Every structure is written in structure tokens, then in C-alpha cells.
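Number of protein chains: 2
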Amino acid sequence: PAEPKDNDTNSNLCSGPVILLSHGDPTGFKPFWRSVGDKCKVTIDSCDFMSYLTDVGTVCWFLEKELEEAIRQLHSTVGNAVTDDRHIVVGTGSTQLYHAALYALTSPGGPEPVNVVSAVPYYSSYPEETNFLCSALYKWAGDAYTFDKEGPYIELVTMPNNPDGQVRGPVVNRNDGKLIHDLAYYWPQYTPITAQADYDIMLFTFSKSMGHAGSRIGWAVVKDKNVAIKMTKYIELNSIGVSRESQHRAAKILGAVSDSSQCIGANFFQYGKSLMAERWTKFREVINRSRLFSLPKYMEEYCQFSGEDSEPHPAFAWLKCNNDIEDLEIFLRRYKIMGRGGSLFGSDPKHVRVSMLGDEETFNLFLERVSSIQDTISNSNGNGI
Amino acid sequence: PAEPKDNDTNSNLCSGPVILLSHGDPTGFKPFWRSVGDKCKVTIDSCDFMSYLTDVGTVCWFLEKELEEAIRQLHSTVGNAVTDDRHIVVGTGSTQLYHAALYALTSPGGPEPVNVVSAVPYYSSYPEETNFLCSALYKWAGDAYTFDKEGPYIELVTMPNNPDGQVRGPVVNRNDGKLIHDLAYYWPQYTPITAQADYDIMLFTFSKSMGHAGSRIGWAVVKDKNVAIKMTKYIELNSIGVSRESQHRAAKILGAVSDSSQCIGANFFQYGKSLMAERWTKFREVINRSRLFSLPKYMEEYCQFSGEDSEPHPAFAWLKCNNDIEDLEIFLRRYKIMGRGGSLFGSDPKHVRVSMLGDEETFNLFLERVSSIQDTISNSNGNGI
Chain A
67 PAEPKDNDTN SNLCSGPVIL LSHGDPTGFK PFWRSVGDKC KVTIDSCDFM
117 SYLTDVGTVC WFLEKELEEA IRQLHSTVGN AVTDDRHIVV GTGSTQLYHA
167 ALYALTSPGG PEPVNVVSAV PYYSSYPEET NFLCSALYKW AGDAYTFDKE
217 GPYIELVTMP NNPDGQVRGP VVNRNDGKLI HDLAYYWPQY TPITAQADYD
267 IMLFTFSKSM GHAGSRIGWA VVKDKNVAIK MTKYIELNSI GVSRESQHRA
317 AKILGAVSDS SQCIGANFFQ YGKSLMAERW TKFREVINRS RLFSLPKYME
367 EYCQFSGEDS EPHPAFAWLK CNNDIEDLEI FLRRYKIMGR GGSLFGSDPK
417 HVRVSMLGDE ETFNLFLERV SSIQDTISNS NGNGI
Chain B
67 PAEPKDNDTN SNLCSGPVIL LSHGDPTGFK PFWRSVGDKC KVTIDSCDFM
117 SYLTDVGTVC WFLEKELEEA IRQLHSTVGN AVTDDRHIVV GTGSTQLYHA
167 ALYALTSPGG PEPVNVVSAV PYYSSYPEET NFLCSALYKW AGDAYTFDKE
217 GPYIELVTMP NNPDGQVRGP VVNRNDGKLI HDLAYYWPQY TPITAQADYD
267 IMLFTFSKSM GHAGSRIGWA VVKDKNVAIK MTKYIELNSI GVSRESQHRA
317 AKILGAVSDS SQCIGANFFQ YGKSLMAERW TKFREVINRS RLFSLPKYME
367 EYCQFSGEDS EPHPAFAWLK CNNDIEDLEI FLRRYKIMGR GGSLFGSDPK
417 HVRVSMLGDE ETFNLFLERV SSIQDTISNS NGNGI
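Residue numbers (the numbering used here), protein chains in the order written: chain A, 67 to 451; chain B, 67 to 451.
Be aware that a few hints might be false.
Intra- or inter-copy, both count: the list cannot distinguish identical chains.
To be verified - Simulated pairs of lysine to aspartate or glutamate, EDC-like, Cα-Cα distance not exceeding 20 angstroms:
hint	residue 1	residue 2
1	K318	D111
2	K205	E178
3	K296	E195
4	K291	E135
5	K205	E302
6	K318	E434
7	K299	E366
8	K299	E195
9	K318	D114
10	K131	D266
If you are wondering where the hints come from, they were derived from the structure by calculation, not from laboratory data.
Note that this is a predicted model, so its numbers are computed, not measured.
Starting from the given sequences, assemble the full structure and let the hints guide the process.
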């Protein structure tokens with residue numbers, strides 16, 4: 067009863083455009099960056115950035131000095147991570163740094179690949195990214211909660227979590243484990259900054275922090291020098307460095323956000339937080355009109371950056387259907403809403419992850435269509451369940 | 067007798083700066099790019115290139131349309147590769163595309179990793195790049211000339227060859243082989259363009275073609291659509307795309323070089339060829355003054371781009387010592403000349419690869435020091451042998 071048929075009277079629901087929410091493309095922040103005008107414009111001359119090398123002698127030999135400084139300054143301003151006495155490794159997005167970290171934390175010649183785990187629901191790309199080259203160094207071993215194999219392991223801790231926005235710590239907690247903390251979303255627009263993160267390997271990305279996904283800039287904050295050296299080696303062997311143009315631009319933008327004298331910093335995080343809060347409020351309003359769907363609840367916490375209590379407003383909504391729909395991704399696809407189904411996150415198919423970061427038009431269309439679905443389902447069986 | 071000692075009267079040879087020629091950093095082309103002024107300057111606004119996506123619907127979904135067009139136009143102008151009815155895949159340098167090609171040409175579940183071979187002397191990074199993740203999909207199997215294992219294999223054909231500048235074809239030539247052609251140096255400044263290359267997978271790079279190594283832009287010209295799709299998938303899983311800023315800049319520069327109306331094109335390759343020819347002439351003059359070292363000889367051929375006969379002027383010199391020096395890399399290192407030793411290329415240690423692409427000052431210092439070494443050795447044993 068809950069699924070539209072080709073000759074359904076409600077099939078006008080499907081006449082609109084496809085609503086693509088399966089990826090976390092952060093174009094929702096674009097109006098802000100359009101508004102800053104020339105303040106973060108960069109100009110690159112024909113003869114700039116010709117060498118592979120930036121500053122030979124540092125651990126990460128292809129890292130632009132200005133980017134390193136901007137990264138340290140930004141973390142200091144926001145208070146979300148310790149960078150003193152830590153090494154910075156730049157990558158082609160944090161994805162390349164994830165591969166670099168796996169390489170750095172393992173060694174050839176072991177009896178078996180090191181097991182890589184993450185607590186369900188985990189980031190849907192981890193399994194394929196970990197396994198696609200069939201490495202003998204490491205292999206995906208699934209949910210950290212049910213992990214019971216002996217021997218060394220690597221646990222990925224995504225904090226706050228993608229897809230469900232929860233704040234979590236490691237769950238295996240054995241002595242022979244190594245941790246990679248993916249802190250892509252530990253920024254004030256998404257979640258209260260409750261403490262300076264201080265973990266062995268912390269991954270961040272320009273995509274989710276500022277919204278500049280096309281630049282493919284990520285960075286790792288690394289405690290152990292040898293790990294930083296090995297991560298750098300991975301990037302050397304994988305791509306001989308990272309775009310210097312993108313590093314230069316990221317340095318300019320991160321620098322401007324740190325530099326309160328230009329007022330971009332306070333404004334950007336304020337803009338981002340308002341945008342996310344507004345979207346979450348609107349989305350919850352729509353969802354609460356029926357019992358068809360539900361969303362996670364989050365606790366208010368004190369944010370040290372903004373100096374006020376606030377609720378998380380995650381980059382993704384982890385939407386759940388409460389009725390007899392078995393596979394929410396397939397269900398929504400019939401209404402031309404493309405989300406990412408729960409089973410890809412090691413969870414159940416009654417969940418779908420939808421991006422909250424897209425452009426305003428797409429987001430509003432999404433709200434309208436969800437609302438229409440709720441009306442349709444309510445009308446067809448009386449109470450939406 | 068051929069090696070300086072700490073208290074050697076010739077140790078003043080070692081008082082100069084270290085001459086770093088072990089990498090092919092193409093900074094020698096910088097004066098040209100400085101001279102073009104604003105013609106290839108790019109300006110990037112705060113809100114440009116924010117999305118992961120460029121043109122959804124093409125095979126390589128993160129490729130900038132303007133870059134694709136510039137690449138096709140440049141190959142058409144130079145006449146060095148067929149691109150009609152071929153797919154273009156962009157990468158973070160051609161190194162990332164090499165990994166992508168290995169992934170695309172293999173499949174999980176085979177009884178053994180596919181053997182990867184290349185004829186000696188081969189590019190020194192191939193073995194480590196192929197093996198460092200201990201993939202079950204492929205493994206380095208060394209010299210193609212001596213390869214005798216059964217089953218599927220991949221042969222890397224570098225043309226013209228790095229390190230020795232020779233033009234070569236595949237050498238195994240069996241039906242169960244797949245080929246990757248690395249054409250990084252198949253440009254008019256290095257070698258006569260004798261035909262439009264037309265191979266299954268051809269790798270090119272912005273670093274060696276134009277001298278912009280810091281941008282980390284490479285591209286593959288691929289015949290088979292499924293191979294292009296799989297290479298794109300590799301880059302998605304490895305780094306979710308390629309810097310859009312760098313792609314934009316590369317499009318501008320490649321476009322300007324194709325566009326003869328601006329005269330940058332004819333000028334760039336003319337500049338590059340003159341520079342390389344002049345360096346090779348000078349270097350051969352120095353080398354020919356004694357019998358201590360020798361260099362490969364190359365044949366003149368007709369270059370279809372320039373319309374005249376010319377000799378190759380490779381990006382690297384494959385220097386050989388003719389006397390009783392066992393390890394030329396170690397020998398030169400004592401005179402603070404850092405080259406890359408022959409054994410890394412699967413060859414003998416009497417060879418060293420030295421870059422011919424560095425800046426003018428370094429190159430001239432190198433000539434002086436080689437000259438001094440020749441004088442020293444000649445004086446110590448009479449005839450340089």
C-alpha cells in the first residue's frame with residue numbers, strides 16, 4: 067500500500083525532477099562564498115607552482131608552508147583539535163589520507179591482513195575503499211561492535227558520525243588496536259565543539275569544513291613522526307604530491323576564516339550553523355507531521371567556539387521509516403528521491419542517509435516531496451503506519 | 067684511484083653546493099612561463115569549483131570540460147596522439163593514472179596477481195609503485211626481456227624511455243598481455259614526433275609536457291570505455307576526483323599552447339626544444355673531452371610537428387662511466403652530484419640517470435663539476451680510464 071504504482075493517482079508526485087541527495091556535495095555553503103567577493107580570490111601566474119617541491123626538509127615535502135600555517139591557525143581559532151607538536155600531512159581530499167593512514171599503520175609480511183573495523187552505522191565508502199585493491203596489508207572486517215578476531219586491528223572512529231551524526235568513541239578498546247579519527251564534521255556548523263580533539267591520527271577536509279569539495283584538499287594531524295613520514299610516502303607513491311594551486315587557495319580561504327579582522331571567520335561558521343539549524347528545523351517540522359518517518363534526536367551541549375549551548379545539526383539526516391516499507395532507498399527512489407540506503411552503512415534498509423548540504427532549491431524541493439509522500443501514505447492507509 | 071679522499075688535494079671539488087639531479091623537476095621551463103606574462107594567468111573566485119561534480123553523465127565525472135577540450139586540441143595540434151573516439155580520464159598526475167590503469171586491467175579472484183613487466187632500463191618508480199600495497203591484483207615481475215612466466219601480464223611501455231630516451235615498443239608480445247603506454251616524454255621538445263600514437267591506454271602529464279609539476283595533472287587517453295570507467299572508479303575510490311583548480315589552470319595553459327594565434331604554442335615547443343638541444347650539446351662537449359663517461363647516441367628523425375629532421379634531446383641523461391668505477395651513483399655523490407643509480411632502473415650501477423630539466427644555474431654548475439671530475443681523474447691516472 068505504501069508504494070506508488072505506474073497508474074497510481076498519486077504518480078504526479080513523480081513528475082518533478084530527480085532529487086539527488088545520495089552524496090554530500092556541500093554546495094549549500096556557496097551563497098556565503100559568493101557574498102565574500104574578492105576577499106578570498108586567488109590569482110595564479112603562468113610560472114607559479116611549477117616545481118614538485120615546496121619546502122624540502124619538512125616531513126611532508128609537498129605541503130605548502132602557508133597552508134600548514136593556516137591549518138594550525140584555524141584549529142587554534144576554532145578549538146577543535148590540538149596541533150602543537152603535531153605533524154600536518156596534506157592529501158588529495160581526506161580519502162587519500164585514509165589510504166595513507168592504512169598504509170602507515172600496517173607492514174608487509176604479516177601472517178594476515180590487519181582487520182579494519184568501524185562501528186555500525188559506518189561511512190558507506192569505508193568497506194570498498196579498504197578492499198578494492200585486495201591488499202595483503204589490511205582488509206575490511208566490518209562492524210566494530212561485533213568484532214571478535216584476535217590480533218592487531220585498526221578502528222575508524224568518525225566523530226561526529228557519518229551517517230547518523232552521533233558523537234562516539236572507539237568501541238573495541240584493545241591494546242593491539244590503532245585508531246584513525248575521521249573528524250571531517252567536527253566543525254561548529256555541524257556540532258558543538260566540546261573539547262580540543264587530541265588523537266593519534268585526525269583527518270579533516272576542506273570539503274566539509276568550508277564547503278570546497280572540488281579542491282580535493284584534506285589534511286591529517288599526526289602525533290607520531292614515523293606515521294607522518296609513512297603517510298607522506300604513500301602520497302608520494304600514489305600521486306607524487308598534492309595540487310599546489312588547491313593548497314594555495316585553501317590556505318587563503320582557511321586563513322581568511324581564522325582572521326577575525328576580516329570578519330569572514332565568525333561569519334562563515336555563523337552562516338553555516340544558521341543554515342544547518344534552519345534546514346534541520348524545517349525538516350523536523352515536515353517529518354513530525356506524520357508518523358511515517360523519524361529522525362535521530364540529539365542532545366544540546368555547550369559549544370566552546372560559539373560560547374552557547376547548541377544542538378548538533380549534522381551534514382546528513384539518517385532518516386528512518388516507521389511503517390512496513392522494507393527498503394527505504396528503493397521506496398524513495400520511486401518518488402525520485404535518491405538517498406543512500408542503510409545496508410551500505412552496515413545498518414538496516416529501513417534507513418536512508420540524505421544530504422543536508424545541497425543547494426537551497428534542491429533542499430526545498432525535497433521537503434515538498436517528503437510532505438507529499440506523507441500525505442499520500444496517510445490518505446492511503448489512514449494514519450501513515 | 068678514481069675516488070676523492072677527505073684529504074685529497076682535489077677535495078675543493080666538494081666545497082660547492084649539492085647538485086640535485088635525481089628527480090625530474092622540470093623547472094628549466096620556468097623562464098618561458100615567466101615571459102608569457104598574464105596570458106595564462108588564472109583568477110579563481112571564492113565560490114568557484116565548490117562541487118565535487120563537473121559534468122555528470124560523462125565517463126570521467128570529475129573531468130573539467132574545458133580541460134578535456136584543451137587536451138584533445140593539443141594532441142591534434144602536436145600530432146602526437148589519436149584522441150578521436152577515445153575517452154579522456156584525468157588524474158592527480160600520471161602516477162595516479164598508472165595505479166588506475168593497473169586496477170582497470172585486473173580483476174579480483176584470479177589464482178595469482180597479474181605480472182607487471184617493463185623492459186630494462188625501466189622507470190625506477192614502477193617496482194615500488196606496483197608493489198607497495200601488496201595487492202593480490204597485480205605484482206611487479208621485473209624486466210620484460212627476461213619475462214617467461216605463463217598467464218596474463220601487463221607490460222609498461224615508456225616511449226621515449228625514461229631513463230635512457232630510447233624509442234621502444236613492447237617486447238613480450240603475447241596474446242594474453244595488456245599494454246600501458248607511458249608517453250610522458252612524447253612531446254616535440256624531447257623527441258621527434260614521428261607518428262600519432264594510437265595505443266589502448268596512453269598516459270600523459272602536465273609536468274613533463276609543459277613543465278607544471280606542482281599542479282599534479284595527468285591524463286589518460288583510453289580506447290575501451292569499460293577501462294575508462296574502471297580507471298575513473300579507481301580515482302573515485304582513491305581521492306574522489308582531481309583538483310578542479312589545477313584542471314582549470316591546465317586547461318588555460320594547454321589551450322594557450324594549442325592556440326597558435328597567441329603564438330605561445332609554437333614558442334613553447336621551440337623554446338623547450340632549443341633549451342634541451344643546447345643543454346645536450348653542452349653536456350656532450352664536456353663528456354667528449356675525456357673517455358671517463360659516455361652518453362647514449364640517438365638517430366635523427368623527421369619530426370612531423372616541426373617539419374624538420376631532429377635528434378632526441380631526452381629529459382634525462384643516462385650517463386655511463388667507462389673506467390673501473392663500480393657504482394657511479396656513489397662515486398658522483400662524493401662530488402655532491404646526486405643522480406639516480408642504474409640498479410634502481412633494473413640496470414647496472416655503472417649507469418646514473420641525471421635530470422636535464424632543472425634550472426639553468428644548477429645545470430651549469432653540474433657541467434663545471436663534471437668537467438673538474440674529468441680533469442681530476444685524467445690527472446690521477448693519465449688518460450681518464
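Hint check results:
1. K318 with D111: Both: 16 angstroms inside a chain and 11 angstroms across chains, each within 20 angstroms.
2. K205 with E178: So K205 and E178 pass the 20 angstroms test inside a copy (9 angstroms) and across (18 angstroms) alike.
3. K296 with E195: Both. Shortest intra-copy (19 angstroms) and inter-copy (14 angstroms) distances satisfy the 20 angstroms Cα cut-off.
4. K291 with E135: within (18 angstroms within a copy, 43 angstroms between copies)
5. K205 with E302: between (22 angstroms within a copy, 19 angstroms between copies)
6. K318 with E434: neither (38 angstroms within a copy, 42 angstroms between copies)
7. K299 with E366: neither (42 angstroms within a copy, 40 angstroms between copies)
8. K299 with E195: both (19 angstroms within a copy, 11 angstroms between copies)
9. K318 with D114: For K318 and D114, the Cα distance is within 20 angstroms both inside one copy (16 angstroms) and across copies (14 angstroms).
10. K131 with D266: neither (22 angstroms within a copy, 40 angstroms between copies)
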